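Q: Residue numbers (our numbering), protein chains in the order written: chain A, 114 to 974; chain B, 40 to 148.
To be clear, the hints were calculated from the coordinates, so they are not data collected in a lab.
Computed from a prediction, not measured in an experiment: that's the story for all the values here.
The beta carbon of each residue, even a glycine, is placed where N, CA and C say it ideally should be.
Any given hint might turn out to be false.
[Unchecked claim] Restricting the straight-line Cα-Cα distance to at most 30 angstroms, the calculated cross-link-like pairs of lysine-lysine (DSSO-like) are: (1) B:K68 to A:K167; (2) A:K193 to A:K497; (3) B:K41 to A:K175; (4) B:K68 to A:K120.
[What the hints assert, rightly or not] Short, incomplete list of chain B residues facing chain A, as computed with Cβ under 10 angstroms: (5) Y84; (6) P103; (7) R107; (8) K112; (9) N133.
[What the hints assert, rightly or not] Pair by pair, the computed Cβ-Cβ distance ranges are: (10) A:S571 to B:P103: 48 to 56 angstroms; (11) B:P103 to A:W166: 44 to 52 angstroms; (12) A:I564 to B:R116: 51 to 59 angstroms; (13) B:S79 to A:L188: 17 to 25 angstroms; (14) A:L188 to B:E59: 39 to 47 angstroms; (15) A:W166 to B:A82: 32 to 40 angstroms; (16) A:L188 to B:K92: 22 to 30 angstroms; (17) A:K203 to B:G101: 53 to 61 angstroms; (18) A:S571 to B:A82: 41 to 49 angstroms; (19) A:K120 to B:E59: 25 to 33 angstroms; (20) B:A82 to A:A186: 23 to 31 angstroms; (21) B:K92 to A:A186: 44 to 52 angstroms; (22) A:W166 to B:G101: 56 to 64 angstroms.
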Amino acid sequence: MKTKIHKPPRTATFLLRRCFHEFDRDTFIGDFEEFYNEILIESGSFKADTWYWKQVIKSAPKIFSNILYWRTAMLKNYLKIAYRNLKRHKGYSIINIGGLTAGITVGILILLYVNSIFTFDRFHENSDDTFLIYKVRVTPSGEQITTDTWVPLKDELVSTYPAIENGVRMWGRGSIWVQGNDKKFQETVTYADPSIFEIFTFPLRQGSSGSSLIKNTMILDRATAEKYFGAENPIGKTLTVNYTEDYTVTGVIEDIPANSSINFNMLVPFENAMDISFVPDSGYDSSFLLTYIKLRDDANPNDLQAQFPDLIIKIWDKETESRTRFELTSLKDLNDFNSGGTANRYALILLLVAVSIILIASINFMNLSTSQSIYRAREIGIRKVMGAQKKMLIYQFLGESIFLTMFALILGVALATLLLPAFNNLVGLELEIDYFGNMTTFLGIIMLGLIVGIASGSYPALYLSRFQPVDSLKGELKNTNKGVRMRNVLVFAQFAISIVLITGTLVIWNQIDYMKNLDLKFDKENVIVMPVSTRDFENSNLAAENLKTFKNELRSTPGVLTVSGTSSIPGNYLGAFTFARPEGWDEESPLRVRFSVIDESYFETIGVEFVEGRNFDPDMATDRGGALIINEAMVKDIGWESAVGKLINSSQVIGVVKDFNYQSLQNPVLPVLHYYLGGENGNHRFIAAKITGDNVQNTIDALRDKWSSLDPTRDFTFFFLDDNLNMMYQSEENISKIVQYCAIIGIVIASLGLLGLASFTVIQRKKEIAIRKVVGASNKNIVGLLTKQFSRPIIYANLIAVPVSVYLMNMWLQNFAYRVSLGVTSFIFAGLAALSLSLIIVSYHSLSAAFENPVHSLRNE
Amino acid sequence: MKILSRAEELTLLSVWRLGENAYGVPIRKHIIKMTEEDWSIGAIYVPLDRLTKWKFLRSIQGDPTSERGGRSKRFYRLTGDGYEALQRLKSIQNAMWESLPELGYNTLI
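Please model the entire structure based on the sequences and the hints provided.
A: Quick look at the structure:
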């Protein structure tokens, strides 16, 4: 009667199949097909399809409950077995979970850090379209990048280019005294256009934005508002800046996130800056502020950048255009830009380190679970005999490792939370773990757990599920050669990573040590620096008198050798540049060099030696404004044989000093020239005093006494020059500490894994060892046999780790103009450390195996 | 012993009636034909399942048939217990009917 069977929709059939237990799935599907065919014959395929699908949808609840039922039934068994195994092999379990926990903790902390670096400034809604404009000057000694721009540039840009929607000028005026509500603190006051709130995202807590930054008003951040007004409402209150400018507080912003490049405590309108005497109203003479622009959504920054040469010609001339470029950096890249391209690189290095640690922990897991497989062979055999398919076993073991990882994840999260404050200290950020408020964090951590679980569980799962039930039940399953080889490869990988980490730590240490102890060609020891200037006082004439007295008193203080007033000290050289046109200079463009304003005691105070010529002399009237002291680098750049007596910009060079490293050692010593200005003046920003170094505390107390007689309202602030210089290597120190901890964690995890593996191997080979002893092997032979097995992968690890570390560390060292050479000592040390550690670990087990009486091992045979 | 529900009763009767050919499709068709109402698949298979569990029916997996594309059928047979359950239900029903008074219009609402 029926000639042809029509098949119902496949997807539907697939789903329907899920409803039934395998046992009689086919009979039910067959019934359904028959119904389907009947409807098809009666009413056509559309009706039949609809009916069939309706059946499927109606069975959906059943499908789920079915899945759930069967899964939970097995799951209960899986969990029980997993728990029993954990309990039975406590040592392994502790190593496994401990390793994973350490890996996950490191992973969470570093991911948080990396996330905060990679999302720097992204909290601004317009971060895609906002750019900082900076200039690149082409000089004979390379390109100089500076970010300071001019008062009229913003308006010029906005009016010239339709692609630019808006712009804002920001000028941070540092170390200014601010008074109000009977309090007085030194602050950085930021002058900015009101458009700052249109371009950046700084939500207000109190007050209104837009209109609020009108003339003579001020916006504070929360912490500053509290500092001055405590719990009082700051709105409507007045603060006085630099003794002269009065501002009414009209708003308080929310605290700016820690990963923001743009920070301010006190915001006042840029309009007010125009009233300050030394701020030029217009023109392109003086550059001191930052200009940010916001492009229209559809604008292309590269197209805009290509138009800037015309703007430079318009503002200056063709000649300037040939040696100057304007470029844009996106707000998203600003942090990396500001750090000189190291921030993202360091974050990537740390990411790599975190991945390495997790890898080491995962490998431990793989090694220990596959080596332990002997103990589970019987279980696997029984499961297979009872009908478990390979797939189910894979799921089981994968599930087990994910379960273990999740357990480690919980421990890791707890540990990470505990360690976060210490970690924040280390990296200098305010990271927070917002587990539940932030979906990304939550999912990220869960994902981390899943990835680690799957990564470490997949190999053991495949390995274990391959066991043949006949072998495993007969008890004939030994560790196969293939398994042993794979484990050796994994041990090799672990140790290779650990050795790379150790060498990395050592090289970074060496480099920091080198930078701290390099002969900087000046004497950084025992120099006390007090940041103070006549500009900081209400009455600068009176202040000049006071400072003069203070300095004189310092000179007579026991323990103080010399006292100097200066605009810059090493580590804090001003970003002030001048155009120098030396005598006989026939290049079209002048040299752009940094300059500093010093008094006659400066070089003596910091111990800089002269190559030729003389120091400034206060008795020589011509020295003031008419004389210069330059450094060797400048002489070399100009190409002079001898500089003394030559003219630069109509000032005479009277002396040449050695190339002292006035900047971080990441940079080579660049040309710098020093002008003379004796006595007290607004150009000097520091008082530096060389002390004998005997009884330092007494000297400091004496200085503090003198200070309080000068101005009792202000705290005595000072720092030591060498401390200040060491601060420059903070980010290197931070990364070194993190890498160091990671190296330690990595080697500990790897060693624990090796310990587990060794003890296991010894148990496995117990009988073999006993027989060897019976037939005459000495203890030495036995120890040698076992040691060889374990030291081979570690020797190979060394062979691979060395070139990898050389490559990586060379890359890192490229950041520094002054760098250590990669000595062999670091590599030898790291290699020997790894090898001897592993030998100690292995020898414990191999010795105990060697000394065991063969009778104990063989009595069962 | 449980009293059968109507669906269970109809299912058992259909299985009995269909004899050798009692599997899901004809059972449902028979019930639909006799009751002249549409019965969903679930309305047949659920009682079949339950009745099998109570041992009123015995299920036998048939051989794969070519007409169903190699899929086998699940056949049902009435068991002794099932027969007894039907008899019991019938006698209860009879007893109930017989206990009624003479039906007249005055007793209807």
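Q: The structure should be examined with respect to each hint, and the outcome stated for every one.
A: Going down the list of hints, with the structure as the test:
With a C-alpha separation of about 19 angstroms, the suggested pair K68 (chain B) and K167 (chain A) falls inside the 30 angstroms cut-off, and the hint holds. A hinted pair counts as satisfied when its Cα atoms are at most 30 angstroms apart, and K193 (chain A) with K497 (chain A) qualifies at roughly 18 angstroms. For the proposed pair K41 (chain B) and K175 (chain A), the alpha carbon gap of about 26 angstroms is at most 30 angstroms, so the pair holds. Only pairs whose Cα atoms come within 30 angstroms are accepted, and K68 (chain B) paired with K120 (chain A) is accepted, the gap being roughly 20 angstroms.
Interface restraint check for Y84 (chain B): the shortest CB-CB distance to chain A comes to about 8 angstroms, inside 10 angstroms, so the restraint holds. Hint on P103 (chain B) holds. Least Cβ distance to chain A is approximately 8 angstroms, under the 10 angstroms limit. For the restraint placing R107 (chain B) at the interface with chain A, the shortest Cβ-Cβ distance is roughly 4 angstroms, inside the 10 angstroms limit, so the hint holds. Satisfaction of the interface hint for K112 (chain B) is found here, the shortest Cβ-Cβ separation to chain A being roughly 6 angstroms, below the 10 angstroms cut-off.
This hint is violated: N133 (chain B) has a C-beta 35 angstroms from the nearest C-beta of chain A, more than the 10 angstroms allowed. The hinted range of 48 to 56 angstroms is not satisfied by S571 (chain A) and P103 (chain B), whose Cβ atoms lie roughly 38 angstroms apart. At roughly 26 angstroms, the beta carbons of P103 (chain B) and W166 (chain A) sit outside the given window of 44 to 52 angstroms. At about 55 angstroms, the beta-carbon gap between I564 (chain A) and R116 (chain B) stays in the expected band of 51 to 59 angstroms.
For the pair S79 (chain B) and L188 (chain A), the beta carbons lie near 33 angstroms from each other, so the given range of 17 to 25 angstroms is not met. Restraint check, L188 (chain A) to E59 (chain B): a C-beta distance of roughly 43 angstroms satisfies the suggested window 39 to 47 angstroms. Separation of W166 (chain A) from A82 (chain B) is about 19 angstroms and departs from the stated range, judged on CB atoms against 32 to 40 angstroms. At roughly 25 angstroms, the beta-carbon separation of L188 (chain A) and K92 (chain B) lies within the given 22 to 30 angstroms, and the hint holds.
In this structure the supplied range 53 to 61 angstroms holds for K203 (chain A) paired with G101 (chain B), their Cβ-Cβ distance being about 55 angstroms. A beta carbon spacing of about 47 angstroms between S571 (chain A) and A82 (chain B) agrees with the range 41 to 49 angstroms that was offered as a hint. The hinted range of 25 to 33 angstroms is satisfied by K120 (chain A) and E59 (chain B), whose Cβ atoms lie roughly 27 angstroms apart. Separated by about 28 angstroms at the C-beta atoms, A82 (chain B) and A186 (chain A) satisfy the suggested range of 23 to 31 angstroms.
Against the hinted window of 44 to 52 angstroms, the Cβ-Cβ separation of K92 (chain B) and A186 (chain A) comes to about 19 angstroms, which falls outside the hint. The beta-carbon spacing between W166 (chain A) and G101 (chain B), approximately 28 angstroms, falls outside the hinted interval of 56 to 64 angstroms.
Consistency note: the structure conflicts with the earlier hints numbered 9, 10, 11, 13, 15, 21 and 22.
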